[in-house]
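**Student:** Chains A and B, in that order, are what the protein sequence lines are.
Counting along the first sequence from 1, when you hit position 110 you're at 110 in this note's numbering, and nothing is skipped either side.
Add 1000 to the 1-based position in the second sequence for this note's numbering, that's all there is to it.
Be careful, since some hints might not be right.
[Claimed, not checked] Quick list of in silico lysine-lysine cross-link-like pairs, DSBU-like style, CA-CA up to 35 angstroms:
hint: 1; chain 1: B; residue 1: Lys1003; chain 2: A; residue 2: Lys155
hint: 2; chain 1: A; residue 1: Lys65; chain 2: B; residue 2: Lys1003
hint: 3; chain 1: B; residue 1: Lys1003; chain 2: B; residue 2: Lys1228
hint: 4; chain 1: A; residue 1: Lys97; chain 2: B; residue 2: Lys1029
hint: 5; chain 1: B; residue 1: Lys1144; chain 2: A; residue 2: Lys97
hint: 6; chain 1: A; residue 1: Lys97; chain 2: B; residue 2: Lys1272
hint: 7; chain 1: B; residue 1: Lys1054; chain 2: A; residue 2: Lys157
hint: 8; chain 1: B; residue 1: Lys1054; chain 2: B; residue 2: Lys1029
hint: 9; chain 1: A; residue 1: Lys65; chain 2: A; residue 2: Lys157
hint: 10; chain 1: B; residue 1: Lys1132; chain 2: B; residue 2: Lys1003
hint: 11; chain 1: B; residue 1: Lys1144; chain 2: A; residue 2: Lys65
hint: 12; chain 1: B; residue 1: Lys1248; chain 2: B; residue 2: Lys1272
hint: 13; chain 1: B; residue 1: Lys1259; chain 2: A; residue 2: Lys65
hint: 14; chain 1: B; residue 1: Lys1152; chain 2: A; residue 2: Lys65
hint: 15; chain 1: B; residue 1: Lys1216; chain 2: B; residue 2: Lys1130
hint: 16; chain 1: A; residue 1: Lys21; chain 2: A; residue 2: Lys51
hint: 17; chain 1: A; residue 1: Lys41; chain 2: A; residue 2: Lys9
hint: 18; chain 1: B; residue 1: Lys1132; chain 2: A; residue 2: Lys164
hint: 19; chain 1: A; residue 1: Lys157; chain 2: B; residue 2: Lys1216
hint: 20; chain 1: B; residue 1: Lys1003; chain 2: A; residue 2: Lys97
hint: 21; chain 1: B; residue 1: Lys1054; chain 2: A; residue 2: Lys97
hint: 22; chain 1: B; residue 1: Lys1228; chain 2: A; residue 2: Lys157
[Stated by the list, open to error] Pulled a few chain A residues facing chain B out of the computed Cβ check, cut under 8 angstroms:
hint: 23; residue: Lys41
hint: 24; residue: Lys42
hint: 25; residue: Gly78
hint: 26; residue: Pro85
hint: 27; residue: Glu94
hint: 28; residue: Glu95
hint: 29; residue: Leu103
hint: 30; residue: Glu107
[Stated by the list, open to error] Pairwise CB distance ranges, derived in the manner of DEER restraints:
hint: 31; chain 1: B; residue 1: Lys1068; chain 2: A; residue 2: Arg167; range: 23 to 33 angstroms
hint: 32; chain 1: B; residue 1: Arg1074; chain 2: A; residue 2: Glu100; range: 40 to 50 angstroms
hint: 33; chain 1: B; residue 1: Ser1302; chain 2: A; residue 2: His149; range: 47 to 57 angstroms
hint: 34; chain 1: A; residue 1: Ala98; chain 2: B; residue 2: Pro1067; range: 46 to 56 angstroms
hint: 35; chain 1: B; residue 1: Gly1080; chain 2: A; residue 2: Val176; range: 53 to 63 angstroms
hint: 36; chain 1: B; residue 1: Asp1289; chain 2: A; residue 2: Ala163; range: 49 to 59 angstroms
hint: 37; chain 1: B; residue 1: Asp1146; chain 2: A; residue 2: Lys155; range: 23 to 33 angstroms
hint: 38; chain 1: A; residue 1: Glu101; chain 2: B; residue 2: Ile1145; range: 37 to 47 angstroms
hint: 39; chain 1: A; residue 1: Phe151; chain 2: B; residue 2: Ala1269; range: 18 to 28 angstroms
hint: 40; chain 1: A; residue 1: Glu100; chain 2: B; residue 2: Ile1086; range: 40 to 50 angstroms
Calculated from the structure, these hints are not laboratory results.
Predicted model, so just to flag it, every value in this text is computed and none were measured.
Don't be surprised by glycine CBs; every beta carbon is placed ideally from N, CA and C.
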Amino acid sequence: MQALTKRSKVVSNKRMSFMEKIYLPAIIKGMMITLSHFFKKKVTVNYPEVKRPIAPVYRGQHVLKRDENGAERCTACGLCAVACPAEAITMVAEERKAGEEGLYREEKYASTYEINMLRCIFCGLCEEACPKEAIFLTDRIVPSTFERHEFVYGKDKLVEPTAKDERVDITERQNVDTVEFKKHKEYAHNILYTKNTLK
Amino acid sequence: MAKVTIDGHTIEVPDGTTILNAARSIGGKIVPPAMCYYSKLKTSGGYCRTCLVKVSKGSEKDPRPMPKPVASCRTNVMDGMVVENITSPEILEARAGVVEFLLINHPLDCPICDQAGECHLQDLGYEHGKAKTRYEFARRTFVKIDIGEYIKLHMTRCILCYRCVKVAEQLCPGRVHGVINRGDVAEISTYIQQAVDNEMSGNMIDVCPVGALTDKTFRFKSRVWFTKPVDAHRKCDKCCGKVRLWFKGSEVLRVTARKDEWGEVEDVAEGKAGWICNDCRFHKKEVNDWVIEGPSHINRHSVISANHYELSKLKLDTEQHLKQLEGKKVDLGEGALNPNNQ
């Protein structure tokens, strides 16, 4: 039979020499290799006490942002779901009732919003498709669990907390283009034009 | 008969045909878009100016060009007329300007609008590179009025095309709504709080080119591109009963009339448009109510086709061909099915 690789060795039944028979040189040789690693730089870190530096544009667990008044930005427009190549996002829309203006920014909102983290490939297309700047990928890592259904993240896990100091900061993740985009008022389709914005 | 040349395509049409209809009989990309003209509604057209074309030769007898772009839906053809639409850069620029004017007061709330995905203004904006607005000032607002239990009116989205008024005039006897006030404050209204409840009134939803009139029973149920359109029919004594069902899973979310390639309600018979009644549209939302014919054809450039599967034309043709072969004894000759025997 033809060898699959050139690394295969032909094994023989050759008698071992005296040095080989006492095994000691081979053991010492192995121990030296082990010992030399005590003085080398460690390749591991003590996670979670120590964390490796992460790229500023790392795409991890999603966040559904609230606006400056604490109202949810998402209007369940479905563009993230249609952009999603893994079809991981599903949502159900509902109409905002009177008195809920502080909770939801616009007249329609997502009553359920689910991302299946097992399906998600963290490509960031949902972030790109979002016209309301509601969904962002963050540098948080999706934790592992034992049950499949626990990976379907609902609004309880995705929407950021209302409290100002608990908000998920995504400003550093916004690249030059995004910041430039926001400077142009004519593109700011997500601003509701009221008398206050005009002043 | 009049011979007319539109963007280099010559066609002979009967006298009194409009340039727009002559272009539609040629078909393809040279057809001017229309936001207010609706071939199934008499006296429609002439408001929106999106169908502007350039007439570079008036007629055989008077070859002078027309001094300004003309609205093709309201201009009749003359023998020997030469029309430029997409071959004229100035027309494309003029049309882009019209689109911007239409977008001045349009709220651009497409993410919450139920019409998004099948909105003619959205298509028009994207086709002319005017997906964004340059307008920075306060848009017009209206006091919201309730026009009945089936139809939701969003006056801010309205472009005042008058199509719904023509529907009310021509299909619903004793119309209760129209356009009141003038200029910037003109609005669709029922004048004195009255519900639009005529049994054919639901057709206003189908003719509305934007999301000003939408189906209340479908409100925020699903985005259009997550639903699958299926042609179906039922026996109805009020209307033709031929509709399009919009499924999500096995649930019928919405019932509309069938639309043709111009976005207008399809003809069910020669010269008879397939308007449907409110009973079919709003109350028959069980699969059992309908006889399903098959998936509707959706243009593959439409976002609705994103989740839509239908048999390709090639496969359909092959299947039809095989059906024809069935029953007939076809002698293919010995060894014809052997792949080595070409």
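**Student:** State for each hint whether it applies.
**Tutor:** Hints, one by one, checked against the model:
Taking the CA atoms of Lys1003/B and Lys155/A, the gap is about 63 angstroms. The hint is violated against a cut of 35 angstroms. Taking the CA atoms of Lys65/A and Lys1003/B, the gap is about 61 angstroms. The hint is violated against a cut of 35 angstroms. For the proposed pair Lys1003/B and Lys1228/B, the alpha carbon gap of about 42 angstroms is over 35 angstroms, so the pair is violated. Taking the CA atoms of Lys97/A and Lys1029/B, the gap is about 44 angstroms. The hint is violated against a cut of 35 angstroms.
Taken as a hint, the Lys1144/B and Lys97/A pair is honoured in the structure, with Cα atoms around 15 angstroms apart against an allowance of 35 angstroms. Annotation: proposed proximity of Lys97/A to Lys1272/B is violated, straight-line Cα distance about 42 angstroms (limit 35 angstroms). The straight-line distance between the Cα atoms of Lys1054/B and Lys157/A is roughly 58 angstroms, outside the 35 angstroms bound, and the hint therefore fails. The suggested pairing of Lys1054/B with Lys1029/B holds, with an alpha-carbon distance near 16 angstroms, which does not exceed 35 angstroms.
The suggested pairing of Lys65/A with Lys157/A holds, with an alpha-carbon distance near 12 angstroms, which does not exceed 35 angstroms. Of the pairs offered as hints, the one joining Lys1132/B and Lys1003/B is violated, with about 40 angstroms between alpha carbons and a cut-off of 35 angstroms exceeded. Between Lys1144/B and Lys65/A the CA atoms are separated by roughly 29 angstroms; this keeps the pair inside 35 angstroms, and the hint holds. Restraint check for Lys1248/B and Lys1272/B: satisfied, since their Cα atoms lie roughly 30 angstroms apart, inside the 35 angstroms limit.
Pair hint Lys1259/B plus Lys65/A does not hold up; C-alpha atoms about 39 angstroms apart against a cutoff of 35 angstroms. Proposed proximity of Lys1152/B and Lys65/A is supported: the alpha carbons are some 30 angstroms apart, at most 35 angstroms. For the hint linking Lys1216/B to Lys1130/B, the alpha-carbon distance of about 29 angstroms falls within 35 angstroms, and the restraint holds. Proposed proximity of Lys21/A and Lys51/A is contradicted: the alpha carbons are some 48 angstroms apart, above 35 angstroms.
Proximity of Lys41/A to Lys9/A is assessed by CA-CA distance (about 33 angstroms); at most 35 angstroms being required, the pair is judged to hold. Only pairs whose Cα atoms come within 35 angstroms are accepted, and Lys1132/B paired with Lys164/A is accepted, the gap being roughly 32 angstroms. A distance of roughly 32 angstroms separates the Cα atoms of Lys157/A and Lys1216/B; the hinted pair therefore holds under the 35 angstroms criterion. At most 35 angstroms may separate the alpha-carbon atoms for a hinted pair to count; Lys1003/B and Lys97/A exceed this at roughly 59 angstroms.
The hinted pair formed by Lys1054/B and Lys97/A fails the criterion: a straight-line CA distance of about 50 angstroms is larger than 35 angstroms. For the suggested pair Lys1228/B and Lys157/A, the alpha carbons sit about 31 angstroms apart, so the restraint of at most 35 angstroms is met. The restraint placing Lys41/A at the interface with chain B is violated, with a minimum CB-CB distance near 51 angstroms, outside the 8 angstroms limit. For Lys42/A, the suggested interface contact is broken, since its CB lies about 50 angstroms from the closest CB of chain B, more than 8 angstroms.
Hint on Gly78/A holds. Least Cβ distance to chain B is approximately 4 angstroms, under the 8 angstroms limit. Of the supplied interface hints, the one on Pro85/A is violated, with its beta-carbon coming no nearer than about 12 angstroms to a beta-carbon of chain B, more than 8 angstroms. Interface restraint check for Glu94/A: the shortest CB-CB distance to chain B comes to about 6 angstroms, inside 8 angstroms, so the restraint holds. Taking 8 angstroms as the C-beta contact cut-off toward chain B, the hint placing Glu95/A at the interface holds, the least distance being around 5 angstroms.
Against a cut-off of 8 angstroms between C-beta atoms, the interface hint on Leu103/A is violated, since the closest Cβ of chain B lies about 15 angstroms away. This hint holds: Glu107/A has a C-beta 6 angstroms from the nearest C-beta of chain B, less than the 8 angstroms allowed. At about 56 angstroms, the CB distance of Lys1068/B to Arg167/A disagrees with the hint of 23 to 33 angstroms. For Arg1074/B and Glu100/A, the Cβ-Cβ distance of about 47 angstroms falls inside the hinted range of 40 to 50 angstroms, so the restraint holds.
Our hint of 47 to 57 angstroms for Ser1302/B and His149/A is violated, since their Cβ atoms are close to 35 angstroms apart. Taken as a hint, the range 46 to 56 angstroms holds for the pair Ala98/A and Pro1067/B, whose Cβ atoms sit roughly 54 angstroms apart. The supplied range of 53 to 63 angstroms is met by Gly1080/B and Val176/A, whose beta-carbon atoms lie about 58 angstroms from each other. Remark: the range hint 49 to 59 angstroms for Asp1289/B to Ala163/A is upheld by a beta-carbon distance near 51 angstroms.
Checking the proposed 23 to 33 angstroms range against Asp1146/B and Lys155/A shows it holds: the Cβ atoms sit about 31 angstroms from each other. One distance hint, 37 to 47 angstroms for the beta-carbon pair Glu101/A and Ile1145/B, is violated here, with the actual separation near 20 angstroms. A hinted range of 18 to 28 angstroms is violated for the C-beta pair Phe151/A and Ala1269/B, which are about 55 angstroms apart. Between Glu100/A and Ile1086/B, the C-beta spacing of about 47 angstroms keeps the proposed range 40 to 50 angstroms intact.
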